[in-house]
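With these hints in hand, go ahead and build the complete structure from the sequences.
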Amino acid sequence: MNNFMQMIFGRLQLTEAFPREPVTAFAAVGMIMTGFLVIGALTYFKKWRWLWKEWLTTTNHKRIGVMYLAVAGIMLVRGLADALMMRTQQATSVGSAHGIVSTDTFQQVFSAHGTIMIFFVAMGFMFGLINLILPLQIGSRDVAFPFMNATSFWLFTGGMILVNVSLMLGGFSSAGWLAYPPLSESQYSPGVGVDYWIWSLQIAGIGSLLSGVNFLVTILKMRCPGMTLMKMPMFVWSVFGAMTLVVFAFPILTATLAMLALDRTFGTHFFTSGGGGNAMMYVNLIWAWGHPEVYILVLPAFGVFSEVVATFSRKRLFGYTSMVVAIWLIVLLSFTVWLHHFFTMGAGADVNAVFGIATMLISIPTGVKIFNWLFTMYRGRIRFTSPMIWFLGFVFLFTLGGVAGVLMAVPAIDFQVHNSLFLVAHFHTMIISGVLFGYFAGLTYWFPKVFGFRLSEKIGRYAAWCWIVGFVVAFTPLYILGLMGATRRLDHYSASLGWQPLFIVAGIGVGIICVGVGLQVLQLLVSIILRARQGKPLNDPWDGRTLEWATTSPPPVYNFAIIPTVTSRDEFWEQKQTKRRPAKPMYQPIMLPKNTPAGLLIGMLAMAAAFGFVWHMWWLVVIGALSAIIVLIAQSARDEQETELSVETIARIEAGEKYA
Amino acid sequence: MNNEALILHEQTVHTKTNFGFWLYVMTDCILFASLFATYAALRGNTADGPSGQTLFDLPYVLAETLVLLTSSFTCGLAILATNRQHKTQAISWFAVTMVLGLSFLALEVNEFAHLAQIGAGWQRSGFLSAYFTLVGTHGLHIVVGLVWMTIMLYQLLQRGFTAGVRRRLSLLSIFWHFLDVIWIFIFSIVYLLGVLPS
Amino acid sequence: MSRVSHTSKPLEQHSSGTLSLYLSGFIMSVVLTLAAYLAVTTHVASTGVLIAIVAMLATVQFLVQLFYFLHIGSGRNARWKIIALLSALSVVFIVVGGSLWIMYNLNYHMTPSDIHKYLNEQGGGI
Chain A
537 MNNFMQMIFG RLQLTEAFPR EPVTAFAAVG MIMTGFLVIG ALTYFKKWRW
587 LWKEWLTTTN HKRIGVMYLA VAGIMLVRGL ADALMMRTQQ ATSVGSAHGI
637 VSTDTFQQVF SAHGTIMIFF VAMGFMFGLI NLILPLQIGS RDVAFPFMNA
687 TSFWLFTGGM ILVNVSLMLG GFSSAGWLAY PPLSESQYSP GVGVDYWIWS
737 LQIAGIGSLL SGVNFLVTIL KMRCPGMTLM KMPMFVWSVF GAMTLVVFAF
787 PILTATLAML ALDRTFGTHF FTSGGGGNAM MYVNLIWAWG HPEVYILVLP
837 AFGVFSEVVA TFSRKRLFGY TSMVVAIWLI VLLSFTVWLH HFFTMGAGAD
887 VNAVFGIATM LISIPTGVKI FNWLFTMYRG RIRFTSPMIW FLGFVFLFTL
937 GGVAGVLMAV PAIDFQVHNS LFLVAHFHTM IISGVLFGYF AGLTYWFPKV
987 FGFRLSEKIG RYAAWCWIVG FVVAFTPLYI LGLMGATRRL DHYSASLGWQ
1037 PLFIVAGIGV GIICVGVGLQ VLQLLVSIIL RARQGKPLND PWDGRTLEWA
1087 TTSPPPVYNF AIIPTVTSRD EFWEQKQTKR RPAKPMYQPI MLPKNTPAGL
1137 LIGMLAMAAA FGFVWHMWWL VVIGALSAII VLIAQSARDE QETELSVETI
1187 ARIEAGEKYA
Chain B
986 MNNEALILHE QTVHTKTNFG FWLYVMTDCI LFASLFATYA ALRGNTADGP
1036 SGQTLFDLPY VLAETLVLLT SSFTCGLAIL ATNRQHKTQA ISWFAVTMVL
1086 GLSFLALEVN EFAHLAQIGA GWQRSGFLSA YFTLVGTHGL HIVVGLVWMT
1136 IMLYQLLQRG FTAGVRRRLS LLSIFWHFLD VIWIFIFSIV YLLGVLPS
Chain C
192 MSRVSHTSKP LEQHSSGTLS LYLSGFIMSV VLTLAAYLAV TTHVASTGVL
242 IAIVAMLATV QFLVQLFYFL HIGSGRNARW KIIALLSALS VVFIVVGGSL
292 WIMYNLNYHM TPSDIHKYLN EQGGGI
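Taken in order, these protein sequences are the chains called A, B and C.
Under my numbering, the first residue of the first sequence is numbered 537, with each subsequent residue one higher.
Under my numbering, the first residue of the second sequence is numbered 986, with each subsequent residue one higher.
Under my numbering, the first residue of the third sequence is numbered 192, with each subsequent residue one higher.
Be a bit skeptical, because a hint or two may be false.
Unchecked claim - Output of the computed footprint for chain A on chain C, the stretches with three or more beta carbons under 8 Å from beta carbons of chain A:
no., segment
1, 278–286
2, 295–301
Claimed, not checked - Some chain B residues well away from chain A (every beta-carbon gap over 12 Å; in silico):
no., residue
3, T1055
4, E1093
5, G1149
Read the hints as simulated data drawn from the structure, not as lab findings.
If you're wondering where the values come from, they're calculated on a predicted model, not measured in any experiment.
Just so it is clear, CB atoms sit at the ideal spot from N, CA and C, and this is done for glycine as well.
Dropping the structure here:
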């Protein structure tokens, strides 16, 4: 009997797996209760059919984009909760006091924080915005492979669910967001935490890779007639660069995670501290992926800023060609700097110097971009909407944080500040003021297009200021602490160091940021409740320049009844200036991709297989993986994956008689 | 949709799918490159165990190589038959390709089993972990290719040369040729260079 | 939606291959394989030179199969496929080459000096 139970449950023992520590247990119970609440609400309001038909089985890029944003938003709350815990711990755990969580829990908190923020918040916002806007900006009806698009989303969500399940069952990794060996090997992390980390990233990573291929083919093969590459909006160029990075960097992550999994599960010796393993190889490979990853995150954010600054300066983007060149220089150079993440691991001065110089070089194209945005603003007729406030916060903070990065590009200096809070402050400056502010600006800017009503500008401006001020208050102390010698990931320190006041100020800063997030939530709720007051949805609420503003808000399911023909950059702006009247439309039938549950099934089966791997439930691994493959084969073999929309239906949708 | 629009639609689908699949193959190149890099880094880490010099049986590997190479050739012949819509020829050549592919796999599995049996399994050292994973990942891709070929043969028999079947066969041929390209490097870097004194 | 009708003529070419292309590619690949194999098994030169020979033969066979089997440069998407391939190869060179340089350097610097001494005495060394 015992043997049988072991075969079914692997190394899972339900009584042992549930968290014991109060904070964690409370969070786990909270998550479970929220889950029940959501299921209860769906049942009470009889929304299951709607959910299935409109969201779970959709292959439409706009719906998928919204789902990505929803997941990213929820994970932002989880990541911020982790941040709050860390700030509280570090503000209170001094001398004889030991803060609010145990050491091991603290390790899990910062590991979860980093993993969630990078892989599920930042990537989620990015893929969400790209999904929503890319096809519209190139005058296309959808992405190249709609079914694969859905599958990518569900793989992403499967990974997200796995990370959150770890909180309730078995605990997450304590080895940091990158799980360096030998600590992450089974000898020093014998539990399930690192395995959860490996497999949620592996699944989400496959999803990202497929999206990379999807968006590249979309950009290269589905632009509307007349839209040459040099007429594309800058956001599209930035996505082109970022997806190129995805396609070339993510396979490195896949390989490296697989090798770590082999070490942990089958006793191989890739990165172990004995048997011929070389832990330094892991660090090398993971950063060969990791550095391009941060440029993957930031390039589309830069693309958003290009759109926002041009629109709200009522001027075309300055230096279009140099912006394009800058993107590709960044793409190329981001593959040549990865060693700067481990200057201190022991390479010689020659190697360190080469990578240090490359690192300094990569700041140049970024600088070009910043100057171009400022030159766009110069002599423009500027409207200080909330997207512009996000942008201005970005310019100021990103420049300062970037300069800190150039400082650390000098290996000798890096030896002093590597893995200190100075480093932590630097990369948070980059990610928050660059990536996050960029995606917040994009969300606000494109919200009316997606949902048909505008977000409250007033609350939005307050939220932006809270984030900017809160960020400064939270992270300036960390820059100072880093220079004073404070290392990262400390859960306790001696009172004699005099660090506590600075940590308290940092804690206040995160509090201000939380107020900002609260305002963003409020903004959403207020805007939803009061949306009827805005009257008929405007196609073009901001007086925009690019093609997405030529559609209704929200766009019909097919985006464009007639595929536009483009003759210049900022085509929509030019059309408005010359008041070109489009010819009387002659509709043709439109093919639309059908709904399918296959994407959802593949994602969830992959997640089940991954769960099985974590707990050594081998039957689940085999059944989950095989079923996912069978679903994939069945879906791919289907010859009828599209339905046809008749000319009559299109005419009715365009006339506003029918909603699509 | 009239026939003309249908043909145009199918051409568009084929163009996108062809390019998308090529991009996927590029990502697979990066994956193998990472495994090659790891193999190169761990090549000397034999942990007082056997090295490539003692383990690799070059004549055996040459046989494997020629079998796989021939299968790549017969796959090309199968595609030629597909273009001409000669059903029997296409099925025959794909079947031959599959037999050769299975033979390659059998040879490789036999080699792996032998190594494991003499105590040179993938747990023995970093070198062997890297070797088994690099060559084994290629082997796994071969398995995927063979499963795909089986399914395509079934579809060919059931549906004939529909646009979808022909499109998927052309993707499969790209995949199969790509696997032989990767093997060129495994043969050269792992086996040929592996027996040389370092 | 109606199915595509089966005509006796092919609707379009799905590959740019011909029998002679595949045959020449196959024969060249066999020759290149045997050449590399024989070079190594007969130890026709010193190790360093052999490495160069094998690398060159592999590269040539790679290009042969790329052109004769994969028909790179012809057919649909030709231009972008070449661009994608060249980009991928650049990344491979940078990442693999860079990793080898880095790991060699790290292994050297992170080996204790008495181990260096021991290895050199044994005739090996990093």
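task = Over 12 Å to the closest beta carbon of chain A is the bar; see if B/T1055 clears it.
result = holds, 27 Å
task = Check whether three or more residues of the segment 278–286 of chain C sit with their beta carbon closer than 8 Å to a beta carbon of chain A.
result = holds (count 5)
ask   = Are three or more residues of the segment 295–301 of chain C within 8 Å, CB to CB, of chain A?
value = Holds, because 6 residues of the segment 295–301 of chain C bring their Cβ atoms closer than 8 Å to Cβ atoms of chain A.
query = Minimum Cβ separation between B/G1149 and chain A greater than 12 Å?
reply = violated, 5 Å
ask   = B/E1093 clear of chain A by more than 12 Å, beta carbon to beta carbon?
value = holds, 18 Å
Consistency with the previously given hints fails for number 5 only.
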